[in-house]
Each structure stands twice: as structure tokens, then as C-alpha cells.
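Q: Chain by chain, the residues:
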Amino acid sequence: MANGQARRVSIANDPRVRAFLYQGLLAAALIGLAWLAWRNAVANMQARGVPIGFGFWDETAGFDVNQSLIPYSALSTYGRAFWVGLLNTLLVGAVSILLATPLGFAVGLARLAPNWMLSRLALVYVELTRNTPLLLQLFFWYNAVLKTLPSPRQSINVAGVFFLNNRGLYLPRPTFYHGAGLVGAALAFAAALAVALAFAGRRRQAKTGERSQDLWTAATLIVGLPTVAYFAVGRPIGLEFAQLSGFNLRGGMEIHPEFAALTFGLVTYTAGFIAEIVRAGVQAVPRGQSEAAAALGLHRPLALRLVVAPQALRLITPPLTSQYLNIVKNSSLAVFVGYPDLVLVFAGTVLNQTHAAMQVMAVTMAVYLAISLVVSFALNLFDARNALKER
Amino acid sequence: MTAVAYVRVAPGPILPPPLARRGAIGWLRANLFSSWPSTGVTLLLLAFCLWTLPDLIAWATTRAVWRAPDGALCRAHQDGACWAFVADKLDYFRYGSYPQSERWRVDVVEGVGAVLIVWLLWPRAPRRGFGAILFFVVYPIVGFVLLRGVPSLGLPLVDTQLWGGIFVSLLTALVGIVFSLPLGVLLALGRRSRLPIVRAASVVFIEGVRGVPFIAVLYMAENMLPLFLPPGWIPDRFIPPLVGAALFAAAYLAEEVRGGLQTLPRGQYEGAMALGLSYWRLMGLVILPQALTLVIPGLVNNFIGLFKDTTLVSSVGMVDFLAAIDNGLKDAVWSGPTLLATGYAFAALFYFVFCYAMSRYSAAIERRLAPGRRQ
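Quick mapping for you: the protein sequence lines, in order, are chains A and B.
Numbering-wise (our numbering), the first sequence opens with residue 1 and increments by one.
Numbering-wise (our numbering), the second sequence opens with residue 392 and increments by one.
Hints listed in this document are in silico derivations from the structure and should not be mistaken for laboratory results.
There could be a bad hint or two in this list.
Simulated DEER-style distance windows between Cβ atoms [to be verified]: (1) A:N248 with B:D627: 25 to 31 angstroms; (2) A:R211 with B:D470: 56 to 62 angstroms; (3) B:R628 with A:I31: 29 to 35 angstroms.
Here are the simulated lysine-lysine pairs, BS3-like style, with alpha carbons at most 27 angstroms apart [claimed, not checked]: (4) B:K480 with B:K721; (5) B:K480 with A:K147; (6) A:K147 with B:K721.
Coverage of chain A stretches by chain B, computed from C-beta distances (three or more under 8 angstroms per stretch; other residues unrestricted) [unchecked claim]: (7) 19-31; (8) 39-53; (9) 120-134.
No residue lacks a Cβ here, since even glycine has one placed at the ideal position from N, Cα and C.
Build out the structure end to end from the sequences listed, making use of the hints.
A: Structure below.
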């Protein structure tokens, strides 16, 4: 070496050599294992006559599903069945997230309410939902509640608008006639105008300190403009109600009991977790913050909205993200109630019919990973907007 | 001159707070009737409780059928639970179809497991290292020998087709812990490693598994594990779900352990390095004992999740506790309108007691380990 000193570390103890060696061994072991598994898999698949590629994608599926967002029949392809399952997963996930969030926030805030009765009941709800398996809750909703509803002839009838029976929930379906697009356009225009107003109001407040009073203007715009358009065009949107014909209800919008049970289960279960997240987030905001806000003269609702909520939200969003992902992942419990989601249709029926386990599982995993990435990314964006801005 | 005292020199008598502010009345006023809306909410909820609770309690106790030879009495009493059904099927719910004469083996495995878990989770227990070796190395072997049976030792073979009930739920959760904790620790260390290939492999595994649902992992284990084995090897029906559960739990435990590794002060690493400890001694003697103690609450919470998730193994044909109840509900001898609610209530009670106790334990440990109170 340059300073004449003998190299004291032997090669066997050189950290860089060791790092290289260990990683080489690990990589070799992993590659060897993968190669072995791949060779066995190919041999096994050939022995069982399983297709190796994705040729099955365009073959006729030959099975039917009971709920689909896109046209689908037994004559459709496996690829189409995949999309049916994926869309159903996304549908139940989105609806459950939309419903679980307000319920979870409500229960979480109820846990913090000064009223003892309210906070105790919220606690009972949280402990009950968090400490029993989701599957049990799902069975409860599906078998004990929805399946014991009366038959279609004895439907529970709410003012002739909603019907509830053991075949599902029936809502009025909006029907669109010629000119309905104009009402939609009016709504979009009003919304754009309201957003523009809000931006202008915020800029004015930043400049002059004057609080904007545009809320009523915006509300009038959003409600008024489409209403005017609706009557001007000649009432192009109507409602179609479900009606009893024979032994079943016809028409209207039908919500299947499988979908309803899965949604109820996911919503009530996840709301318990969201409630705990909300409670922890609000409690983590120091008392001094709301006291300081009160000292500045902000009344309580305003202090909550401007001071406490933004700080609590910063703590709430990361765990909330993982709850949203849990909803999407837990929607695979659809398998147990027969709701045709991605796992039931694709990783279940399609796999069993084609035996293409490798391809089907790889696609399924890739889809869930992609959903995870997209949801995380979206909420990270929201998070970054809320993050502390240090100057 | 006479002195006129305008200022009180002696303090007045200390009065108790007004009646309306103390004791039960004060508490009621502060917590239930502090304002008109609060009073309204209280009355509304009270009415709700009075409307539902007495009926529920009567359904579960006074109106319930406690003893009956078959479903006839339950069908006659439709306004009460049918606990006689649960009592009749209790053995099936606990052991599945495990042969009657061999059930002591299940009891022994469950009992030993419980003792070892208490040993490991009790923070002041002596010689926890020894307990860990027993739990993670000796126990799985003994458990396997006892449950499966080795004819040469006088233990007849019990086919896994006969396994079922609470025993299978506990087994799945235990296998999840016994195999996934060591694997999870390795993965956590791998993710914190400075070696890029080790880190990448750990990250891919952890994030890959955490991104997909448990059912998909079970389906994958069920369908793909047999494919990866050399032709002719057919694993026992129980192996794929258990492997799936262990791998699934390992990814979650790894993240939990990583959290513990990250909260440990740098000085601990630096001090151990200054003493000249090698990587494995540094981890094994200094870092992991502290980090694992720190994450006990998280590990217990994960275990609760895993225990609830074991209900999903019925999707690949294992008869866990919930599936055993579902099977029991189909028994024509007992079938009746009150059966479903009774079965689900029993299942809910079982899971609730189990999970609630564990969550209380985890919360207690968490308070003990809270930064303000740590010694």
C-alpha cells in the first residue's frame, strides 16, 4: 500500500469481498430456486396438458355471472370475464370506501364526544367490529339479515319507491330522454363557474383579508342552472320504478344481495378501524392548538375546521390509505357470498376451467399490486398537499 | 378610633361544591345532560338501549333452550337461542372429526402452546431465550408428531381430512407465528441491509405479499405450490394453506419488526460495533432483544389479524372453526329458525373473547413501553 503498511485484513474478512460473496450466494440460490420451480412447473403443466401461454384469453368462457357492469354472457371470452371481475372488484371497493369513510369519521368523532352514552356506544361498536372476523360479519349480513327478508311478493315497500326483499334492494332507475345531455352540460358549467368563484374569492381574501361570501351564490348556481335547463328542455329525465310482475320485481335499479352483503360487511368492519384512526389523529393534536385558536377569537366550528382538522388529517391520511387498500383486498371475500369479483370469477372459475394457474395468478397479483400502487400514489399526492410547509 | 375592617383577614370556611356539581348528579349533568342537544342524544340512545338490550339478553338467557336432545324443543321456542345445539356440537366445533380416542393429543398441543406463548409474551418471565428455542424449534416438531401421529411410537396416524374446528383455527394461527416470525425477522434485517441484492429481494417479497389479498395468496399456494414441486410429489392437503399463511404473515411481521429496528437509538448499534461484535452477534445479542420487546404490541395486533384471517382458509377446503359451525348448521336433526343466529352468536363470542383479550394485553404492554415510562 501507499504508506508502506502491510495489508492487515485478509481477503476472507474484507467487508467488500464478503458483501460480494454473500449477495452472489443469495442471488445464485434465488435464481437456482426459481429455475428449479420453473422447470418443475413446465414439466407438471405439460404432464397435465395445461396451456403455457395466454392463448386461453380469447376462448369462450362458457359460464355466466350474476352481476356485470359490461355486457357479458356465457358466449363471451375469458378475457371479457377478467374485465367483468376487475370492474366488480373496483365497484364494490369504491362504494365501500365512499360509505365507510363518513361512517368511520362519525363513529370516531362520537368516541370523542363529551356525551358519555354516545362515546360508550361508539366504543362498543368499535370493539365489536374490530374483534370479530370480517367473514363472520359477512355471513351475518348475508345469511342472517338479507336471506331472511320476505319474498318479492311481500317486499318491504317504502312509499312505492324502494323495495327490499330476499332477492335484493330495488331503487328507482333514472331514465334519460333526448335533451338530457343539456341538463348535464348545465350542471358541469355551473360547477366550473362555482370553482372559478371559489378561486377568485380565495385570492381576494389573501389580498384584502375579506372573507368571501360566495357559498350561497355557488349553491344557487349549482342547483338553479340545471333546474332551469331541466324545465326549459321539457323534463328529459325521469325515474323508472320497480314493479311487481309475477313472482319477481321488474324494472328499476336492482342491487343484488351478494353485493349488498359484501358492501355492508366491508363498510361496518372497516368503519371500526377508521374510527380508531380518526380518534387517535384528533387526540394527537395538542390541546394548546384549539386553546390558541379560541384565544384568537375563532369560534369552535371554525377553530375545528381551520386549526384542528388540518393537523389531524395529516396524521389520519397515511393509516387511512392502508385501510382503503384493505377494503380493496378484503373485497376478495366475495368468494364466500358469491359476488363475482376478480378472485371469484378469474382466480376461481377461469382458473378451474383452464387450469392455467401460473398465468391467472400472475395476472391477479399484478392487478392487486397495481391497484395498491395507484391508491397509494393518489393519497400520497393528497398527503403532500397537506404536509407541513416549512418556510 | 375604632378600627373598621374592610378586608377579611381570616379565610372563610371551605364549602363543598354545589350539589349539582358533585357526585352522581354532577357526573350526570356533565356527561349526559350538559346541553339540550346532549340531553336529546342521551334520551334517544337510552331509548334505543332499553328497546334492544333486554330483548337481546332474554333471547340469550331466559328464553333460550339450554338442554335438549334434538332440535324439537328449539323449533318450539323460536324466540330464544338454541344453546343446546352448541352444547351438543361442542366437541365437533373443537376438534372437527379428529378421532375421539386421540383428542387428548390435540389438548396437549394446545396446552403446551398456550404455556409457551405466555412464557414468551410475559415481559418478566425468566429465560425467554430458552422458551423461544422451545417454541420455534422443538414445539413444531413435537406438535407435528403428536397431531399427525407416528405409528412406530404408538400414536396412530390421523388423516388431515379429519382435522377441523377451533383446533385448525389455532393451528393455522400458530403455524403462522412459529414459522413467520423468524422469517419476518430475517426479511426485516434484509430490508435494512446495506447489501443491494439482499435489500431488493426482501422489498420485493414484502411489498408483493402485502399488496395482495390473503385469499389470493391461499389460492396461489393451493394451485401453484403443487406445480413447483417435482412431478409426483403431492403435498398433503393442509400444507399449501399453511405455507400460504406463514408467508403472508411473515411479510406483515417483517414490517412490524422493521419499525422496532428503526426506533432503536443509533447509539445501540454504534456501542455494539465499538465492542467489536460481528453482525449476527450485534443483532442477536444487542439489537433484536430490544427491538422485539418494543414491537410486542404490534406483533400481538398482527396476530389478532392473522387469527381473524384464519377464517378464510375454508375457501381452500380446510374446516376451521367458522366452517365447522357452518357444517353444524346443516345438521337436519337440529335445523330450525333459531339455529343460524345461535351459531353465529357463539362464533362471534368466541372470536370476540379471544381477540379482545389479546388487544387488551397489547394495549397494556404498549402503555408499559410508552416512551415516557420506559426506564
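Q: Compare the structure with the hints numbered earlier in the document and write down the numbers of the violated ones, lowest to highest.
A: 1
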